Amino acid sequence: MTAVKPILLAEDNPRDAELALAAMEAEHISDKVVLCHDGAEVLDYLYCRGQFKSRLKGNPAVVFLDLKMPKVNGLEVLRTIKTDVNLRPIPVVMLTSSREERDLAESYALGANAYVVKPVEFHKFLSAVKELGSFWGVINEPPPENCRSTH
Amino acid sequence: MESASNHHSQAPSLAAEEPASSSSVPAGSFSLYRVAVAWFYRLAIEQRVLAGFSLVFVGILIVSAVSYGHIKILLANRGLDGRSQELIQLLNNIDVAMNEAEDTHRRYLVTGEASYLEAYKQVVKQKPTFTAYLNDLIRESPEQQQRAGLLDRMMDRQLNAESKAIAQFQEGGFRAVKKMAFEGAGKHELGVIHKIIAEMDVHERQAVSWRVVESSAGTKTTVVLLGIGALLQLVLLAWVYYLIRHDLRERRRVAGELQRRGELLEAANKELEAFSYSVSHDLRAPLRHIDGYAALLRKAVEESLNDKAARYLQTISDSAKQMGQLIDDLLVFSRMGRQEMLHTPVNLDQLIKNILSDLRLDLQGREISWTIAVLPEVQGDPAMLRQVFMNLITNAVKFTSTRPMATIEIGVQHPSSTEIVLFVRDNGVGFDMQYAPKLFGVFQRLHRADEFEGTGIGLANVRRIVHRHGGRTWAESVPDKGATFYVLLPTRRRDS
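Protein sequence lines, in the order shown, are assigned to chains A and B.
Under the numbering used here, the first residue of the first sequence is numbered 96, with each subsequent residue one higher.
Under the numbering used here, the first residue of the second sequence is numbered 1380, with each subsequent residue one higher.
Each hint should be verified, as a subset may be incorrect.
Claimed, not checked - If you anchor each label on the Cβ, the simulated ranges turn out as follows:
1) A/Ser222 - B/Val1711: 22 to 28 Å
2) A/Leu199 - B/Glu1650: 20 to 26 Å
3) A/Tyr142 - B/Asn1685: 49 to 55 Å
Hints are computed from structural coordinates only; laboratory data are not their basis.
Computed from a prediction, not measured in an experiment: that's the story for all the values here.
All C-beta atoms in this analysis are idealised placements derived from N, C-alpha and C, irrespective of residue type, glycine included.
Could you put the whole structure together from the sequences, leaning on the hints where they help?
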């Protein structure tokens, strides 16, 4: 096992991001979190381009995706990840306010690994983010890196 | 249907108006006309068209009757004309025959030639045939019959006189009848006969010419009548056509209007859907932030936090949570209104069992006596009906929470072939019946928030779902004794 894999959090709302980070901080995993402010940034990170050109190679342990994001929305990012052979193994967790059936159905149809509705109550949100972070970031064994060829 | 009753109610007023206005005829007929027009405008389109077609039908009947009558007269006249011609011919023949009788008997008297006698006897033999034929031809005209009687008598007299002269000639020779031979035995009678025949002939010719005048006058009247009738019927038909066309146009216009409104409604519904979707996302985020930052604040100032400040922070969190609950309930309510409905058999027994098992945790620490009847199977959407009974049962549980021993009864009332009435009865706090109409409204609460929690949307959902199933809801209560909530469901499917 090499360096700890990062957790990619895609969240356009800075307050939501701050609250999520605060929750992860309590679990001491906040330093592993890479924050992206929209879908385009997520794709930049995954394909090592733009501001992430010089980042360490390797896929994140998990991607937490919001549905409603500027530029490229969550479902489009999900579609890109799940149709790319190299990115497909990355676990993707939809983290959203929407409980709408069609969002759920579409996410799972595109290959989302989990779908979590952000609870309004902070303590529930806190425990949800904590559990998600520790499960996907620590407990869950990420897919091996050999499926990713170097550029 | 309304206009039909108007029709009946109009009849007495029409009758009442007549004597009052009969003093002056034009005013009376005018008001009658006005009443008729008023009556007509109250008729439904079907009745107007029927009235129009009836008038056309009556017109056709009248024209047909007139034509039939006229043709009948024409045909009868033609028969009579033929008879008259025959009569004229016969009279001519009789005239000739009687001349012949006079001529031949005289020649016989003079010459004694037997061939003349033979010719004379021929005429005598013909006479009854002439009489019979004549009587047959004039059997319908008394005037001619009178003349014919006279003619018959005269002919008899002439022939008798001549026969007598012949007999005398045969007995006494030419000398005995010399005078008669030169003058003719029935000369006088023959003159009368000529006169009668001429009279009869003139009479018959007059009758013929009179019938010609009558026929042509009748034909003219009939043609004029047919023309007027055809014109009137054309006008009536044009009017009926106008009525039908007007009605069709109106219907088409209304249909177009309905479609336009339907489209507007659909657009509004889509907009509403987009709106509620947006509400569910965009309103939740700030609430999450309020609660989240309140929690972070509490954590940040934990050491210096006094009771008052702690309560303030708690209130901020509680308010945010409450609003979150409201948004969730509203979204469910809006979804219940537009969601596609299933129509499958729903086993209510099983449904209630599942609900009670789901409520297990909430029911811990409560003393509740349940009475649940055997419930029938109904047609409907299982998830929606589950929501109905979940709401009614949680309400019953909630509003009996102040009772040391709660009793909740679920049962069926008046099951019939077309509908069933289900009820949920409790011995809870109940409500004042004067507020019953408000009970099923959105955000309507009959209890203060600190008495019983809730967003006031549960019963609105119940009503909306039951309405979509084609049913009804109502409630009865005695304050502080308990309440009963009724749900009527039709047993046969009805599209919402």
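Here's how the hints hold up against the structure:
1. A beta carbon spacing of about 24 Å between A/Ser222 and B/Val1711 agrees with the range 22 to 28 Å that was offered as a hint.
2. Hint check: A/Leu199 to B/Glu1650, Cβ distance near 23 Å, so the stated range 20 to 26 Å holds.
3. Against the hinted window of 49 to 55 Å, the Cβ-Cβ separation of A/Tyr142 and B/Asn1685 comes to about 53 Å, which satisfies the hint.
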